[in-house]
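Given chain D's structure and the hints, the job is docking chain Y onto it.
Number of protein chains: 2
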Amino acid sequence: MQPSSSFPRAGILLVGNELLRGEIPDRNGAFMGGELTSMGFQVERIVTVPDGIEAIACVTRDLHLSHDLLVVMGGLGPTGDDLTTEAIAQALSIPLEFHEESWQRIVMIYASRGRTPPEVNRKQALIPQGAEVLPNPQGTAPGYLFQHEGHWIAVLPGPPRENQAIFGESLKNRLREIFPTAFPRRQRILRIFGLTESQVAERIEELARKSSVEFRYLFRFPEILVLLSAHPSEEKVLDETARKAHALLEPHVYTEGEKTLPEVVGLILKERHLKVVAVESCTGGLGAKLLTDIPGSSAWFERGFVVYTNDAKEEVLGVPKEILQEFGAVSEETALAMLKGGLEHSRADVGFAITGVAGPTGGTREKPVGTVCIAVGDRKRGKVKTYHFSWDREYNRLISVWTALHRLRLWILSSM
Amino acid sequence: MQPSSSFPRAGILLVGNELLRGEIPDRNGAFMGGELTSMGFQVERIVTVPDGIEAIACVTRDLHLSHDLLVVMGGLGPTGDDLTTEAIAQALSIPLEFHEESWQRIVMIYASRGRTPPEVNRKQALIPQGAEVLPNPQGTAPGYLFQHEGHWIAVLPGPPRENQAIFGESLKNRLREIFPTAFPRRQRILRIFGLTESQVAERIEELARKSSVEFRYLFRFPEILVLLSAHPSEEKVLDETARKAHALLEPHVYTEGEKTLPEVVGLILKERHLKVVAVESCTGGLGAKLLTDIPGSSAWFERGFVVYTNDAKEEVLGVPKEILQEFGAVSEETALAMLKGGLEHSRADVGFAITGVAGPTGGTREKPVGTVCIAVGDRKRGKVKTYHFSWDREYNRLISVWTALHRLRLWILSSM
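Heads up: the sequence lines are chains D and Y, in that order.
This note's numbering applies: residue 310 is where the first sequence begins, and numbers increase by one.
This note's numbering applies: residue 310 is where the second sequence begins, and numbers increase by one.
Bear in mind the hints are in silico, worked out from the structure with no lab data behind them.
Please note: incorrect hints may appear among the correct ones.
Identical chains share a label here; the pair holds if one copy fits it or two copies do between them.
To be verified - With a Cα cut of at most 27 Å, we get these calculated DSSO-like pairs of lysine-lysine: (1) K676 to K694; (2) K692 to K579; (3) K519 to K432; (4) K676 to K630; (5) K568 to K545; (6) K579 to K676; (7) K519 to K545; (8) K579 to K519; (9) K545 to K694.
None of these values were measured; they are calculated from a predicted model.
Isolated chain D, as found in the complex (with noise of 0.2 Å):
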């Protein structure tokens, strides 16, 4: 059996000049089109079109008779611009009714701010005729889902917090009634750091190629994901392959599954009741940042030090100037002054610190942008390494945070 017959087909279609013209970076694709897949369905087209009647009805009709459900998202406001559900009414002979229990809810929520809803939300109330209203718990526009013709269609707003709202709180459990049969694939996924992709592949390419299990890599900056499917009668060789590449991929694979590594790295903390100082200096906040990015991080993460000019290094740290002098600030001996300097000014129990040429400029012929010098220890001992990144800044500075993190628990798995 072609396992891909039993997947419903899903289309999803964006409304928005903004998404046209770059002006805002698309999310909405993304979120549902991840969704619907791990729900079961098969995502076969997303497609943007301008907040015009023609072109949404044009390829609503389109979606329509192709898909087994078609998600609309955008084009639900108030203003003249906003012209989907008109357009969807147009497209497929559906007269619109007006919903008073919606119009209710808009006119509750202009009340809570002391207001009333100006007339023109009121085309936000009116839902094609005999349409189910998915309610909005982020804002005034409802959603709605209907089926016509034997194919369904959900409408949504653009806002992402919105759109996912109505999801998550009604959408989802309303598809999984109405496709009891979806039939997603089981799904293991391997996080890697630290690995390129020929390296990974040739690590694990003949355990693929004698395996039914179907192997997938992405490369998401600055990690690579193996992702192994089977479909769900196969789970059994699913777990085993998993475990053959995760053991082939070793001591890359920081996680399986959905954690990021700061996430992994703050859970290993949690468990062992270690708290970690943060020590950056071309890296400016950012490995502060993406650990205090976790909610409950306050339990794990004690303080940072961004000593981003030498005078900080010194007066914050005690890095000797004798040190910064000698051998530069961004050198191996500076890293472990930081990270040393950045434990005694601390409670923490481990820490990294991070020092290095993020560029565009600011490079040297000894030590070119991309230089990096990166130290992980605890109150006893420190180790430090020097890498050689050849990313943009951005790049540069994230694959630094990412380093110090990935060698931090290794250190502690190891040692601690």
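For chain Y alone, kept in the frame of chain D given last:
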């Protein structure tokens, strides 16, 4: 005259299962849409299709016929999944040719890493007959450009780094030669922070209603962009309107044009030879990160303190224990003491301090999630204010930093 009648029409075709499955958010559509729009194209469709010959061929035929220019991105790699060139050849019945020069470039790239390319890479040198090769300065897969039945097709590899380099180095100029009549609308951008969408609308709706200039609003958290555009013949009216709108929105317009708020603050600091210190609790280094994202920030970013714990606030900055005990870590008194300590423990001229409850937990009845105290000032005095944000952790952190930067900007402009 309808200005749009003079615009050449463009479509964009994105190839990749990973985009449909939401495994990576697309960046190519926004990039190419923005570039083509700024060159005067009217971008009418962005379509994402799976890695399959049939889908790519079918949409290529469709978009090719209905647009003056079709840009196809992705699916030019060496693996079995990469089918774009084959699909285009099939769709338009054009034979493929082996392009020796491109193959030699691939061989050279491998040679520089001490390797020889595998046989599979040969297919990256296959190009539709008669197409013009667009060399890839960042990778092995060249792009190419050709005309077919009076319409143009450009094909580029999927990695943003590669297609952006090809676009910048050759495609952009070629398109300018091919479409010399492209007639971009003139545009002015006002970037606004600290007003809601409806507050922006209220201030300028009368101006907008009476003007021949097109007004559009773009909410790109945490800022709002007002985009004014007009036909090139109306450039004087456009400038005059932008000037009026700017005045009506003061002091919230932090710049006109493309610069972000951190860049604008950096520029002000640089011009006035001032250095800044970032003192952060709940934003955990995000402020330092956003400032040091900017190349050359070492000229005006002095150092940063991530004082996440009370211990850190006391020990690193000398925030008096009594203040922390009497008023709490999230208080205007603590924010001011953090700012004072940060300036005393640095060589900076100005600074900001942020302490708050970013969420999702950690709130109390008195100080709920979203309560943030922000101080800005110099060595002589500081100003502090309490905010109540109601977003999630990520947005609360981001808007806190932007608020600090915006207030720092106003502080410097008004008092230094």
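Evaluated hints:
1. K676 to K694: within (14 Å within a copy, 44 Å between copies)
2. K692 to K579: The answer is within: 22 Å in one copy meets 27 Å, while 37 Å across copies does not.
3. K519 to K432: between (58 Å within a copy, 24 Å between copies)
4. K676 to K630: Intra 20 Å, inter 44 Å, cutoff 27 Å: intra-copy only.
5. K568 to K545: within (23 Å within a copy, 53 Å between copies)
6. K579 to K676: Between. Shortest inter-copy distance 26 Å satisfies the 27 Å Cα cut-off; intra-copy 37 Å does not.
7. K519 to K545: within (16 Å within a copy, 69 Å between copies)
8. K579 to K519: Neither, since 40 Å and 60 Å both go past 27 Å.
9. K545 to K694: neither (41 Å within a copy, 58 Å between copies)
Checked against the numbered hints above, the structure violates hints 8, 9; every other hint is satisfied.
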